[in-house]
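J.: Residue-level listing of the chains:
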Amino acid sequence: MFKKPMTLKQKNAWFGVLFTAPLIFGMLMLFILPLIQSFRYSLSSLDMVEGGFKVNYEGFANYTSLFTDNPDFPRTLVESLVNMVVNVPLIIIFSLFAAVLLNQKFRGRPFARAVFFLPVILASSAIANLDISSFVGGGPIGGSSDGSDGSGMLQSFELNKMMLESGLSPVIVEYITGAVDRIYEIISSSGVQILIFLAGLQSISPSLYEASKIEGATGYESFWKITFPMVTPLILTNMVYSITDTFSSNQINLLISETAFKVFDFGMSAAMSWVFFLCVSIVLAVSTGLISRKVFYYD
Amino acid sequence: MKSPAAYTELFVRRYNPVDRTSRFVWAVIRTVLILGFCFVILFPLFLRISIAFRSKVDIYDPTVLWIPRHFTLENFKLAIEASHYFTAFLHTVYISSSTTIIQMASCTFAAYAFARLKFKGSNILFVLVIFTIVVPPQTIMIPLYLTYRYFDLFGLIPLLTGSKGLNLIDTFWPFIISAGTAMGLKNGLYIYIFRQFFRGIPKEVEEAALVDGAGVMRTFFRIMLPNAVPAIVTVLLFSFVWQWNDSYYVSLFLKQVKVLSTSLMDMGVGLKEPDPVYTSMLLNTGVLLTIAPLVIMYLFVQRYFVESVERTGITG
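Going line by line, the protein sequences match chains S and D.
Take the first sequence: its letters are residues 1 to 299, numbered as in our numbering.
Take the second sequence: its letters are residues 300 to 615, numbered as in our numbering.
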């Protein structure tokens, strides 16, 4: 019997399955099953018994008690979400700005780039938890500000007054001065985003700028008419990245971990994480929906 | 021969005073901004270094600003003792380097399949990969812990040995298994980066290789990988650094075995130092000891890293 030889496409497909086999295996064992189990746990209470655990189905009891009995959860959830919604636009604007700066030609550019990517190396939750401000607050060197202690407030106080007097609305002024006060936090969490924008800026064809220059466009115009539209797809990427990046260091995740491993209330912890996941999904869906309307693809 | 636009630029630069001033002003503003941002980034690092060399007397001396008056290495000695630095360091190196290499392999294979070797359901699988990025790790924390606590490989291990599954907590296996199956720390992101990069390599190159008689494996190792060096450098650095700094997964899977980030968290308890200011000073030294290997490594690789950024097609 002759077997019909496989076509190239079929052969490639088999190799594709082979190449992704570990991934499929891991996806099942370490992602999909745990996800289903986690949902099941969130609907029940877990009892530790000898050599394992017992799952008692309880319906939505965990969810209701989260919002009625739990003193910390609603507040922490709102705080984390507000933080996310406030920080993400700032991070994106700053990283786009920094990427445009770093993309220009000037002396010492390699050094500046090396410094700007340094936060990627240094930023981590373990280190963030032990931030230097805890030391500065207690010690006599408090006069030097890293943006998170008292003197940082003092600096933006002048700015605050100036902007209020120039007639800006207080909400905007608050937002901007808040951004100035948290400049270190914002810079240190935008390393990867700068990198993504920079790679995007490199990929814009120089002939576009050349043509616009011949037509007499100013730098300002060529930024808004060429650079900005070309990087809009990356704004989407960066937004998703920035939102997921906050997972590692926000308060709600700390609370979820503590509920699981300090209080040993696995069911409650799972319910918390599902509520949080739902909220994040809503934020993601709304923001991607809004942005992807404006996204421009150059194909 | 330069392009006409280059000549226009030269002409404008030389003979147009308005343009010249505006360029100059922008250069000044740019320099100030960049120096300012660099200062903000470097300041805490320098402050940490300055504090780490101070002796106990200097912290209460307001006249000491940057250069410590009583220079000492005492802090380092205490911090190393309290955090069991050398064992923790070795563990961290083991975990970081092994997962980096393993997940590099699993992620490039998977990404190549997503970019070029389309099969039925590969798109759905890719959507799932993106989904893994979006789901907060805490959502699957408990089941993941239990998976490794009673590791049974879909019931295979109990079937073969009759035991109740293996306890993999406090071993390095959880990290190796999740790296090998491309489910480790931020692996979805790496797959995404590699997929975009492989998609950017022209199809013609591959077709030429096919005509010359190269199989899928050969095309992958001889053509795709050498072309993907910028992306590989970026991902290598990311995965090493993130695994090094990770405190979430290590504190989940390693209870007794300490790595740098977890030993740092326990250091405050181990110090038994009555003075809270001095404790935080020692903690600061501990942080410095944790990041020092990374910073030293970065000094050496940053050149390749920054160069590779220019050619990494993380773009769409």
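I should point out that these hints are in silico values taken from the structure, not numbers from a laboratory.
One should not assume that every hint holds.
[Stated by the list, open to error] In the DSS-like style, the derived pairs of lysine-lysine whose C-alpha atoms are separated by at most 25 Å in a straight line are: (1) D:K355 with D:K376; (2) S:K9 with D:K502; (3) D:K376 with S:K9.
[To be verified] Computed footprint of chain S on chain D; a stretch qualifies when at least three of its residues, placed anywhere within it, have a C-beta under 8 Å from a C-beta of chain S: (4) 438-452; (5) 471-482.
[Stated by the list, open to error] Chain S is nowhere near these chain D residues, computed Cβ spacing over 12 Å in every case: (6) S321; (7) G335; (8) F385; (9) T386; (10) L459; (11) V504; (12) I522; (13) D545; (14) L551.
Note that the structure is predicted; figures quoted are calculated from it, not measured.
Note that CB positions come from ideal geometry on N, CA and C, so glycine has one too.
J.: Each hint needs a verdict: does it hold in this structure or not?
T.: Results for each hint:
Among the hinted pairs, D:K355 with D:K376 is consistent with the structure: their alpha-carbon atoms are about 14 Å apart, no more than 25 Å. Among the hinted pairs, S:K9 with D:K502 is consistent with the structure: their alpha-carbon atoms are about 14 Å apart, no more than 25 Å. For the hint pairing D:K376 with S:K9, the CA-to-CA distance comes to about 62 Å; that exceeds 25 Å, so the pair is violated. Residues of the stretch 438-452 of chain D with a Cβ under 8 Å from some Cβ of chain S number 10, which satisfies the need for three, so the listed coverage holds.
Counting residues of the stretch 471-482 of chain D whose beta-carbon sits less than 8 Å from any beta-carbon of chain S gives 6, enough to reach three: the coverage restraint holds. For D:S321, the shortest C-beta to C-beta distance to chain S comes to about 9 Å, within the 12 Å cut-off, and the non-interface label is violated. Annotated as non-interface, D:G335 brings its C-beta within 12 Å of a C-beta of chain S; the closest such distance is 9 Å. At roughly 18 Å, the least C-beta separation between D:F385 and chain S is larger than 12 Å, which holds for a residue marked as non-interface.
Even its closest Cβ contact with chain S, about 17 Å, leaves D:T386 beyond 12 Å, as expected for a residue assigned away from the interface. At the 12 Å boundary, the C-beta of D:L459 stays outside the reach of chain S, the nearest C-beta of that chain being 17 Å off. Every CB of chain S lies more than 12 Å from the CB of D:V504, the least distance being 16 Å, so the non-interface label holds. Residue placement check: D:I522 keeps its beta carbon more than 12 Å from all beta carbons of chain S (closest about 15 Å).
With 12 Å as the threshold on Cβ separation, the claim that D:D545 sits away from chain S is violated: the shortest Cβ distance comes to roughly 7 Å. The claim that D:L551 lies off the interface is violated: its Cβ sits roughly 8 Å from the closest Cβ of chain S, which falls inside the 12 Å cut-off.
In summary, the numbered hints that this structure violates are 3, 6, 7, 13 and 14.
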